[in-house]
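Protein chains: 4
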Amino acid sequence: YRSYKNLMWINGGNQIQFADQKQEFNKRPTKIGRRSLSRSISQSSTDSYGSAASYTDSSDDETSPRDKQQKNSKGNGDFCIKNIKQADFGRREIEIAEQEMPALMALRKRAQGEKPLAGAKVVGCTHITAQTAVLMETLTALGAQCRWAACNIYSTQNEVAAALAEGGFSVFAWKGESEDDFWWCIDRCVNLEGWQPNMILDDGGDLTHWIYKKYPNMFKKIKGIVEESVTGVHRLYQLSKAGKLCVPAMNVNDSVTKQKFDNLYCCRESILDGLKRTTDVMFGGKQVVVCGYGEVGKGCCAALKAMGSIVYVTEIDPICALQACMDGFRLVKLNEVIRQVDIVITCTGNKNVVVREYLDRMKNGCIVCNMGHSNTEIDVASLRTPELTWERVRSQVDHVIWPDGKRIVLLAEGRLLNLSCSTVPTFVLSITATTQALALIELYNAPEGRYKQDVYLLPKKMDEYVASLHLPTFDAHLTELSDEQAKYLGLNKNGPFKPNYYR
Amino acid sequence: YRSYKNLMWINGGNQIQFADQKQEFNKRPTKIGRRSLSRSISQSSTDSYGSAASYTDSSDDETSPRDKQQKNSKGNGDFCIKNIKQADFGRREIEIAEQEMPALMALRKRAQGEKPLAGAKVVGCTHITAQTAVLMETLTALGAQCRWAACNIYSTQNEVAAALAEGGFSVFAWKGESEDDFWWCIDRCVNLEGWQPNMILDDGGDLTHWIYKKYPNMFKKIKGIVEESVTGVHRLYQLSKAGKLCVPAMNVNDSVTKQKFDNLYCCRESILDGLKRTTDVMFGGKQVVVCGYGEVGKGCCAALKAMGSIVYVTEIDPICALQACMDGFRLVKLNEVIRQVDIVITCTGNKNVVVREYLDRMKNGCIVCNMGHSNTEIDVASLRTPELTWERVRSQVDHVIWPDGKRIVLLAEGRLLNLSCSTVPTFVLSITATTQALALIELYNAPEGRYKQDVYLLPKKMDEYVASLHLPTFDAHLTELSDEQAKYLGLNKNGPFKPNYYR
Amino acid sequence: YRSYKNLMWINGGNQIQFADQKQEFNKRPTKIGRRSLSRSISQSSTDSYGSAASYTDSSDDETSPRDKQQKNSKGNGDFCIKNIKQADFGRREIEIAEQEMPALMALRKRAQGEKPLAGAKVVGCTHITAQTAVLMETLTALGAQCRWAACNIYSTQNEVAAALAEGGFSVFAWKGESEDDFWWCIDRCVNLEGWQPNMILDDGGDLTHWIYKKYPNMFKKIKGIVEESVTGVHRLYQLSKAGKLCVPAMNVNDSVTKQKFDNLYCCRESILDGLKRTTDVMFGGKQVVVCGYGEVGKGCCAALKAMGSIVYVTEIDPICALQACMDGFRLVKLNEVIRQVDIVITCTGNKNVVVREYLDRMKNGCIVCNMGHSNTEIDVASLRTPELTWERVRSQVDHVIWPDGKRIVLLAEGRLLNLSCSTVPTFVLSITATTQALALIELYNAPEGRYKQDVYLLPKKMDEYVASLHLPTFDAHLTELSDEQAKYLGLNKNGPFKPNYYR
Amino acid sequence: YRSYKNLMWINGGNQIQFADQKQEFNKRPTKIGRRSLSRSISQSSTDSYGSAASYTDSSDDETSPRDKQQKNSKGNGDFCIKNIKQADFGRREIEIAEQEMPALMALRKRAQGEKPLAGAKVVGCTHITAQTAVLMETLTALGAQCRWAACNIYSTQNEVAAALAEGGFSVFAWKGESEDDFWWCIDRCVNLEGWQPNMILDDGGDLTHWIYKKYPNMFKKIKGIVEESVTGVHRLYQLSKAGKLCVPAMNVNDSVTKQKFDNLYCCRESILDGLKRTTDVMFGGKQVVVCGYGEVGKGCCAALKAMGSIVYVTEIDPICALQACMDGFRLVKLNEVIRQVDIVITCTGNKNVVVREYLDRMKNGCIVCNMGHSNTEIDVASLRTPELTWERVRSQVDHVIWPDGKRIVLLAEGRLLNLSCSTVPTFVLSITATTQALALIELYNAPEGRYKQDVYLLPKKMDEYVASLHLPTFDAHLTELSDEQAKYLGLNKNGPFKPNYYR
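Chains as they are written, first to last, in UniProt numbering: chain A, 1 to 503; chain B, 1 to 503; chain C, 1 to 503; chain D, 1 to 503.
If we strip away everything but chain A, and leave its shape as in the complex, we get:
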């Protein structure tokens, strides 16, 4: 979702300034707006086996992984993780994930014949989860060498990291890294005698910036950057604008397939899930106002309507507004319905959409949550005043109580509900991972001159290929154009079928 303009707040609207980066990174873990951070937390909290979780906990000796001598069963020690003994358990998780990521498995199969990443030396910095492990092992099958660090200090699944290390990957990551650990791990990935990366796979831009800062000469050999996150993509566009981007970069965050799944389809399900898990609210008959009718708003509205809620919509853009009308939603201003609704959901990408004035007028028991990008859509700060009492009633659920006893139910303190209070389905992660793999292949194999020192969207044809790799999951059978039809339409039989700007 959302234009990069919206992201100016991330670094204060300034150009990337490497000098004072430290300060920024210090604030990292509290920056809730970062999609990837939140995702990893909620995900790891539910994706793991119960037994695994406790195993991890019980092994909680206090020695830092950095201080331990580590070796896998083959004597390889070029990694740094929590506990190599968890490898078997991590392998089982990876195997389960493999079953739900058929697109990557299909790429591996194709790789038996050709190795499109032969010679590629990939450094990666992403969440270390079972799904990432499937990606890494796929890249290896495609011919690449990989070294990996975590893009988040909390999100590493230690048992998966162990399985990767045991399998021969140079992984540097554990759950609960300090900030110093975080940069140390990244550095260990990159800084190796006799080895230089030629591809970067990044999620958030930290790895990229570390290389910019410490090893700018490395870029001479680097063929390209694949970046997954909104934040990282934003940084790349800034670099590009400033004329400082010295290799081509692929923005996989904005590929059609990924966007539709991250927004419309995923949110259609996660709005229900997030609300149920936190509040057990019954949807039938409830009056709900959804602020914003972009893809996320469309998904939320469709789901709630289907469950028997009465849904109102607010919009600033007349075109989206007209769509809301035609889809059967009353278009209102927030103040017109704020007294009567049972649930308020923001998905605008804007700030201060639900301000204190509205919060004051909500009825007792009203649930307030945010599905949008920015954690400032609801002006939560305005609720931190002495006359209001906060009561934490469950994880991610606060009652804010007015002097007259009125309570509103605030979810995830205004942060992204779907990432804080529900989980991201593996299917969505599979689409992302496949897109990353194809983007690496494209950049690595592109003929000289196809890509300049700029930020690119995935070519439509690759986007279509990602989609096609996921159709077998649904036992879906695509029709092929006949030669005659292709000619009639002026299309290549194998696509691309849509113009690049198609959304």
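Calculated directly from the structure, the hints in this document are not laboratory data. It is possible that some hints are incorrect.
One copy or any two copies: either way a pair holds, since identical chains are not told apart in the list.
[As the list claims (entries may be wrong)] Taking lysine to any residue and the SDA-like style, the derived pairs with C-alpha atoms no more than 25 Å apart in a straight line are:
(1) Lys305 / Pro472
(2) Lys333 / Leu383
(3) Lys305 / Asp280
(4) Lys223 / Asn445
(5) Lys213 / Asp483
(6) Lys260 / Asp327
Use these hints to put chains B, C and D onto chain A, whose structure you have.
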């Protein structure tokens, strides 16, 4: 849901036999099919404040409540609970529940003028939860005296029991009673010098049976029994059939309003919730087969269709089958789709619907769960064979693994998904509690002769009244018939508007 | 649809009075509330081939069929129709109808082995359409002799009557009968030397009453009456109440299958069709109020919601009101939304629901129509005042214009929209015809004593059989109970699966 | 809809050749693919008052309008129409249309202050309908002078033309022009002593081409062309490509608002309407295959799913295919379901999607129709073989009968169903007309240099303005950005809110 025929298994198809009841009660806690038991467990696990839970735990001294000297702040000691000190916290929970049970609050308001239960002495045996407390305090406001025990050894919210005791109620209940405690508590409710109950409110039939067994003479003064559960109602019909029912009884389980909410509307939401919480599955594009197209099946199908699943239905009854067709679902036999579906849901009330043969043919990763009454709809027993490996991957989630590596994902071991893996919304509980209160009022005030020694459904007019008390929640405005219209339709302006058999 | 109470107005609430019947019949063609009349008109206006229509018209010589000498190609002259030359064309229409009535064709196939109506002499009085012809030829295949008249003076398809006469049926009917013709035709059916009917198939009760009046002795040989219409059923109940019903009668109007199709499923489609054909209105974004949330209202609301309308509901019954809430519709009083809605639809079975006061307050361009039983739901009479101008803008569409220029768009002058302005799908007619055939078989073959001189609903098992005969149309496969399952459920493997009161 | 590539067949893929244009124009009336032609025919057949139609017919003297002396009541004779006496009736139709085109009326209101078209001399060539009259009178209110001809020889509403002539417009059009009349009328519009147009409003490109051919010098004074149709836009792009376009042109066909309404929202309703009007088919339970899941396909699928059909989808593009999956439709190849479906709908823009081989395998009674752009999606030509019998059963409905008696039901001979067999809602026409008016204003007032000699899409801001003018119809209230929010988002408070490529 469902006919009483289906329940024969509960006590082996025999008549009620008081002599060997012990044995039956011994088996109680493992009888998963009992709707009320499961409900309470899931409910209490989520409805409580996190802090409360730990508070409860920390107060876990090992002395039995029966062995303690207990007094509330006014010196009253006619109760037996875990810890009177939790009263304040329980009161807060009750106050929150009050806000979500407006129908009972409306009854209290009306009670300022008239006291329809003045003189009523009610003994109750239900789950002791915040919602029950709101009911009990409403009965008191209506003029009744109440004594209460728990109908389940696990379901008592200790802090609520404390608040009730502090408020002057004679409550005998705590979480984690032994079977002996269970009957001791019931006996303490009933057996009091100088006090005789004249109304019974029961959930499961245990209280009723205790009185039958121990104090049969009490029935001389008892004006009626209100029974909530399928099981208890079944027992009453058996008593009636055997000519042993000696007072009128009201079956509130089968009132229209309660049924629609328990089945169609509640299941429409809980099927999604139950599947998400346990498996994080994405619904879009999934192929699902729903066995049975009664109210529960209709709710499941509607929800999944709305989320983008492709839904197949199996049915034995051609009328329901034709409804499925008209609602847009392909009607199939299970064996026609079993190899291709991603999710199998049973809601038939029947047994052995999903047998080993079908389980053998499911594809890898298929999710299997039961939304129907009986925990034998899926033949789970057939999966307990040596060649299959069971892996518990989360609470309520088992992977059953075939020798070739195929896994099926079995939820709640085939027990009711919505009660095991999701929660019952307060709105549904409110409808039940209001129905109970009105049934007590009706039986207590009915003129001599209106009710014989038989089991009755709530008069349609009362059912309509329950519904009308819940309309304000939705800010819903009912239209009134004009005199002329009422005459034209041959109806009383205040209802009943539908014949008694209307469903 | 709906209770018989509502029908009291049909004959002024009096008992059936044969003496002054004349007067009533005189008014027949203007009684718009009669479902069957309206149906036949709309149906014949669209079901016929264009060419046929003109053929019929061109043959419009002025001689009355009663004055013509008529013979079919085999020399048989025991019939009276418009023009035997149209037989070939009528046969083609019948053949097309056969393809869409597979259930009757299945009965014919079964009839090759057994003739359940062998010896039956059926007099019928229904609309003479291609669908009826399929029914009549099926009854003959089942062993019956048939003589037939039209139940409506306008609804006969002349070419179908010709085909029937050519095929040897004694048919007495043509389009545009006078009232005298009407009774003459019925009399010719019944009053034949050496032939006495033993079964009656009636639609509206006119045939039954003619026999009551003229040939009461005939009832000695008559085994039963099958009645299709609301009006006819009402008359039978009155006869029964008055102790004057002298044979058993089967009410096929109220069978579950027929009801669900006539109301919920049929109206879900016909509300859209009726509105589009008359007004070309776009549904998306329109605000609509639906008065009444019974089966008809539920169908209308579901369809309009799906098309993107914003739907409000009014109700008098709190149970239906609560259902509306849970299904996602705001429950309002009509006066709360009357100024803002674009479309008003009545489906209450009540009278004066939309009165002049509301009509005065509607906004310019508001569309008003009735889907309910009674043509007094909208107080159309109140619009016949001098200050309002009526403008007929299309067939079935009037603009009523206020002095200030405001127009409301009144459809079908408040009569049933779905019958006036759309058509009844053959599938619905097939269900009705199959039900009639099975009811005849049941009454004709019932052992002595099974049916008394009363009005009966079709046994649930027959209802289920009708449904099962229509499943193959949808390629729908019913599951069969195993012996073990049937025993567990306490059901017969072949049904009935539901209690008789199931709706 | 859809890319211009698809349109190459229209003129054989060649450049525009003025020399042999004659031949092309001769074929005009049989070119069914032309959206605007079909639309006008269906529209005029239903939009007119019944009485008007007959009036028109009765005035059918045989003198050509070109041979009559014509004057309106003010003595003005600069027009040529059928019959000036119909003016009053035409005025009433225009007034009714005004009520449904609030956006144009709003523009008129604004025009009281400013006259953005002051000095504009517009020649127009569009369908002459009541809606066009509202547009023309709006342009006049905005300051323009207008001269108008019909873009289609059949589509003129004579009474509307009369009202326009009476109102002082120079209109040259009547229903049933010959081809020679057609060009004569266009010439009369353009070729007037002492008057030169400076704006062109065209629908189909005929007017534009006439000026190119006959009066190329006129382009020196022309500020721009506004073109509405796919065909006309295609011609303009070809001119542009060939370097022959000598003024800026505005493509209003591809504005977002128009596209969404023409395709998704309009087709969602018209697929149901078109099928019902032609076949009275019941949708519930029917199996349908929809070929193509673009906007049109999405609309068709959503509507049919909502009505209880079981819908299959075929696609060639994996991205649209994945959307179909997530929306709950099975993605198949046509041959996999062709034997079992009841209805086949094409909306691909492709040719030969349903070929004879598939038609041979369809089951008896299968309905086949086309909602897509091209009338070659169904290979209707392949059905014109001797062994197949064609039977016209209604207007737009043919039965094609195989030797074994199998019939398929072919609608509109494979032409666009929604234009042939249903009507275009005034709301959609209002959006088009408003877009045309704003495009004229934009081109007329654009500062020198904003537009070059090229084809342009309407600026997003104008598109948004069209949308906003239609919101009041739905009583929809748009939210305004605060200054702070606009700054945060980097947007102007008044839009545009979306990038120009937004769809």
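Status of the hints after comparison with the structure:
| no. | hint | verdict |
| --- | --- | --- |
| 1 | Lys305 / Pro472 | between (30 Å within a copy, 20 Å between copies) |
| 2 | Lys333 / Leu383 | within (22 Å within a copy, 37 Å between copies) |
| 3 | Lys305 / Asp280 | both (17 Å within a copy, 22 Å between copies) |
| 4 | Lys223 / Asn445 | within (9 Å within a copy, 49 Å between copies) |
| 5 | Lys213 / Asp483 | neither (52 Å within a copy, 38 Å between copies) |
| 6 | Lys260 / Asp327 | both (18 Å within a copy, 12 Å between copies) |
Going through the hint list in order, the structure does not satisfy hint 5, though it satisfies all others.
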